[in-house]
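Please take these sequences and the hints and turn them into a complete structure.
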Amino acid sequence: MPSAAPDPTSDAKSLVLPFADQLDVAAAARLWVETQQAAHAGRDRALVFDLAAVTGCDTSGATLLLEAERSHGGTTTIIGANDGVAAVIALVRTATIAPKAPQAVPETDWRELPRAAIAAIGDELAFAGEVVVALIRVPARHRMLRMEDLLRAADEAGVKAIPLVLLLGALIGLILAFQSLVPMRRFGADIYVANLVSLSLMRELGPLLTAMVLAGRSGSAFAAEIGTMKINQELDALNTMGVDTVTMLVLPRLLAVMFVMPVLTVLMDFAGLFGMTMVLTGFGIPPIVVSHQVAAAVVPLDFTGGLFKASLFGAAVAAIGCRSGLATGVGPRAVGQAATRAVVGGIVATVVLDGALAVLFNRLGW
Amino acid sequence: MAPLIQANALAQSFGARTIFRDVSFEVAEGEIFVILGGSGCGKSVLMRQIVGLQPPSSGHVAVFGQDIYAPASDVRSKIGVMFQSGALFGAMTLLENVMLPLEMLSDLPPAARRAVAQVKLGLVGLTDAAGRMPAEISGGMAKRAAIARAMALDPPLLLLDEPSAGLDPITSAGLDRLILDLRHDLGITVVVVTHELASILAIADRCIMLDAAAAGVIATGDPRKLAEDSDNPTVAAFFNRQTLAVAAR
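Residue numbers (the numbering used here), protein chains in the order written: chain B, 774 to 1139; chain F, 2 to 250.
Read the hints as simulated data drawn from the structure, not as lab findings.
Watch out, some of these pointers could steer you wrong.
Partial list, derived from the structure: chain F residues whose beta carbon lies under 8 Å from chain B [what the hints assert, rightly or not]:
no.	residue
1	S107
2	M134
3	L168
Backbone N, C-alpha and C fix where the C-beta goes; we use that ideal spot for every residue, glycine too.
As structure tokens, this is what we get:
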């Protein structure tokens, strides 16, 4: 039975709040605001809880009374409580000892930011160093580099990405060709769309877009997989066994991706050329003319340079994915955060590397 | 008075494997009832059947006189459950964990939810840890926080799955004391699934013992009496009687 609402009776010295029936969580919910307001308003008098008609009380009901006591802040008395009700109130009273003040959160010192950034870059370089050392030591630790892990990573990152890469490549080629054909046609230069699109794809877009796909699909997967292993203490188990986690977990993924990225990029390039050819054919340019234009525009270095970039982008994406996984924190959000870091870091690193390579290739006259 | 839990001829099979069959028992109001047995005998499965998470292969379980598997059953809101792992929500602080059922299932205003949740954490001795995340606390604290969350809505029936598992004897004894206090001070009926001998002898009014080999119940009653005079060799072995006898020689 629900508790009746308190109907305050008062005189000059005291405010009496009578309760009835069950003081349970439902009664507490119903009476909370009213009771606290009444107690607060009666601060100039002694507060009396009349519980003579209360048949039972749970911890929520007792909390209602003790919070009202706190709102009142002055002298309070409980009258008429039966033994069971009094025991619950006494129990809750012992449980409501004020918690210690929380430790002050240190204010952010913005001057620390550059130092933190340098430390973060240092960590990344240290990880790159660890990977290089692990690569050098592979002959001595060849049993830790398991072929089945490498093939599985190649399958996940490469073979299973083929449909997406082909679809994206064809669509990108199609869109690029269509968007550039319309304005170039005004100047009678529509035949050069083949040169423009094929060069863009081979030199830049092919490797770049494939790396984006890889970052979204595999970088995040690497981070989540290794992050979950870390949370489950599997990495600790490997370390205590004396197994080098970089050799066992990072190298197979890194090598697999470095191998599959050029293959995926070739597929992306050719799918793009196919999409472009479809558009140009639709606008009356025969495929044989398109292929001659492409052959004339693209030199082998454009193609191989793109593949070199693809391999490098793949290594960056895989390394960042694995690094994010290894740096996973604790708690259920940590894996999600690691996956996000892997994708964002992979994309940013790819674009930064692309810019650096553009400058380098230009200097080298490629 | 009608029993709070009435289990009648419960059975559970997974494929061809029978975990247990013909398990019947009753739990009275205000009782501390222990489901005990060795690993793999189906203790946790039986508990899941009682709380409505695992429909039995056959048999019937009524809680507060209602079929827990009936579509319109509102019994679940009267049951607090602590799972073996604690099952705390890792993305929430302990206080938020305890506030969650209050937020979802009660009409308490936010300030009241916070106050009630603080009280629940205080009851299990975690007042100062209210703002900490589950990943930052020890196993014993996680179990106590899980009990606080199970008690959030002041349920009259509390089911605890292996509350002492993996804890040191002192922490385990503290939890036993907490269970006894909950029954004594709040009148809560408690069903505990455990195989911790010290806990069983400390808290149980009555128990039911499952055995994997027998695929069912091999003993029921007061655990202290079972420890002293059960003829069943598995029961005797479980209560260390043979071991104690060897030690005494």
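Right, here's what the structure says about each hint:
no., hint, verdict
1, S107, "holds (5 Å)"
2, M134, "holds (6 Å)"
3, L168, "violated (19 Å)"
Consistency with the previously given hints fails for number 3 only.
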